[in-house]
Amino acid sequence: MVNDKYEIRRSTCLFCSLGCGLAFRAKGESVVAIDYDRENPINHGALCPRGYYNFELLNHPQRLNYPRIGNRNIAWSEAVEYAKRGLKEFGGESTAIAVSCLASNEDALMAARLANEIGTKNIAPVGSFADIEAYQGMSKDEKGLEGTSMEEIGNCDALLIIGDLLTRSAVMAQYVNKVKYAKRGNKIIVVDSNSTHTAWFATNHVKNASGTEALVLAGVLNELLIKYKGKEGAIDLSRSGLDQAAIRKIAEEFDSASAGAILFVPGADKNRNDLISYFISEICKISKNKKEMTLYEYGNTVGVNAILDREAPGHISQQGLLDKINKEEIKTILMLGEDLSFASPELEKKIRLMKFVALSSYFDVDWADRTTVVFPLASHMEDGGDYSMADGKERSLTAIAEKTGGKTNAEIVAMLLGAEIDKDEVSHAARNTLKTKIDPKQEDLHEKIKEAELIDAKEKVEQMNITHFGSNNLARKFYWFRANNNDK
Amino acid sequence: MTNRKRVYLNLDLCCGCRSCAAACAYGHHLQSLLGHAKIEKLAELPMHCLHCDQPACAAACPNEAMAKQEDGLVLRSHFRCVGCSSCAIACPFGVIQTDLAKHIVPKCDLCVDRLAEGEIPRCVSTCTSGALTFENIEDQVADKKKNMVSTRILVNMLGRRR
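Protein chains in written order, with our numbering: chain A, 485 to 972; chain X, 465 to 626.
Worth flagging that the hints you see were computed from the coordinates, not collected in a lab. Note that the structure is a prediction, hence the values are computed from the model and not measured. Don't take each hint at face value.
Unchecked claim - Simulated DEER-style distance windows between Cβ atoms:
(1) A:GLU909 to X:GLY582: 44 to 50 Å
(2) X:ASP517 to A:GLN546: 33 to 39 Å
(3) A:GLU513 to X:VAL605: 44 to 50 Å
(4) X:GLY582 to A:GLY512: 46 to 52 Å
(5) A:GLU565 to X:ALA501: 58 to 64 Å
(6) X:HIS542 to A:LYS833: 24 to 30 Å
(7) X:VAL605 to A:ILE492: 34 to 40 Å
(8) X:ALA580 to A:ARG494: 40 to 46 Å
(9) A:LEU831 to X:ASP577: 46 to 52 Å
As the list claims (entries may be wrong) - Here are a few chain A residues that face chain X, going by a calculated C-beta distance under 7 Å:
(10) ILE518
(11) TYR520
(12) ALA530
(13) LEU531
(14) CYS532
(15) TYR536
(16) LEU650
(17) VAL655
(18) ALA657
(19) GLN658
(20) HIS681
(21) GLY902
All C-beta atoms, glycine included, are put in the ideal place defined by N, C-alpha and C.
Bound-form chain X, shown alone:
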């Protein structure tokens, strides 16, 4: 059965406290798998892997470490990854960050251990402002309109600074 639920960020609510990164670190041997985008000191936003249908990172991986699973998640094998960071360059969304931990590229696994228990990912459980939600992809697309306000503000402010 394919997993159609993904982590969704509401820009209006995110307060940039990095609790999601801390939760991620505690779940993954003190290495956060979650990248953060810094927008000119205005905001710090978590960047989640979208688990694409046709993942560019998997296509770029020279060692077949990155692969799309049957349930729809794109996961990285601990044993095959050599830390060449080809996936980070290939990713069109920039969610894979190149800081290596033990010669392995950090990559969001959507907390598969918690999904197996029927729970939601750690970052969503701990979000202090309710910005992160775990929803079906279809619902997310319908909800995109809500994001427009803060996106417009961010773009305006960035434009003014430059």
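Just chain A, same shape as in the assembly:
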């Protein structure tokens, strides 16, 4: 197909927090075809079906190139003036800002500055509910933002996988295979209520009752507490669908490994992702040589959450934002990079009733008549930025293609603040912000274990409406491979 000379340009995929390397063949200024980055230490050239859609994002026919009011293209200056007036009209408290977890660290920092300027605490990270819940449960001490490397996971003796890892991040399959076949006796323990692709790879598949992952991990933690600290803590595991012996077996298998890792995939089918995340970090503290890694659905969940925690202290959560919208306390909203209306059809009606809605989006939204202003958004491949991935490392991306007319969230916010953006200063400030520490909460383990016992999984599992790939809106817009095969 590409027979003439081409040049390879590299970028990073942000559809999940793994951060696989992307390579493209480029001719002149335009990107022509997708290639495989075989030298990348994370994915070695492999890409999951979702990763391919990053290529489509560059030259998609439905990409927005101009700011819009309703169905009318307008100039940037006009759109910014309009948005400025709208955001200041109703005062600070009735204004909300939503920052997508696909945004870069700089975007989050600028959004926090805008919130401080307006004088509102209604700023929320927006992504998958499960992701943000899991981040909140993560222990935020010195090791909080540090993860483990892929190489270390490949060299483990035992993996404890919670959730459907291979469907969320298929590229992890090479590391799971490496552990499984490296030597006899290596363990892959999968805790999942369904018989998924990941469970097929397990050496020990623990089939719990759906929604009881937190209880299972509380049982494992309880076993370890008895073993190492001699504390007796009776725990009722009857709801989990497992007995004490099965839990003891997992705990022993995992604890006896010389090096191990817990891989956690937050999801809507799990109750209390924050508790699961908390127990995982506690297990890693007690057991020797154990690492943890959380695979978020959105690429920069860690970075956006961490920056908002530090720069806009006391900010609300995604659920809090939705509650406030439902109570009609919010009249103006600025949504940076994520359309909130996917959350529920009721919310879509509420957004229609709002006084002022500004949105930055890759595509022409299908409810354009309800928004006041839509800003075209530049893809992360058209303008770089810093991102924090699941392994705790920062990826700095450089632009690989010409902008189609959009601007990054940081630039849009800078225009709303009425100042020119100094990119070096912002990225420097974002990096410094991430280094500042937050005091960890001291929590009583036994009370947390009791909390896990009280979870009523049944109600939530009946209510939930789970799509196979969760709520990553951008990926879902593209994704048709699995959509055609819904029989799982």
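Here the structure of chain A is known, so what remains is to put chain X in place on it, guided by the hints.
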């Protein structure tokens, strides 16, 4: 010079993510040429064309669209194929699937454009678990023993279900 390299699937490693199909689709005008075998919801395995020495599909083709090339690959001509799917019926391995795209039968071409550049096929480059490899036929035969474990498990599980 004959091309003796073929795509080889290691059943022990395949995780059924269908990345190979996505890569194939992006290389071939959004039409995947790669069939997938579904085994009673237990597994989804990619089925690659073996490029046989005496291809039954070529013998069955009424319009001489399917033909064995000098370099050993069995390729389908875009212009001659009428989409009668005779080749799909004739193929003893069932790798040609009958869903027609623009009245043409999809058929693996081993990414000839990439082979000409000295690269490996797209599906092998993108395999997330390392299950697909591009090897000489002789090496594949020697490697067959490795496949025995998962094949036995699959057969056992299928037997138990029926």
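Check your understanding: Looking back at the numbered hints, which does the structure fail to meet, lowest number first?
Key -> 2, 4, 6, 8, 21
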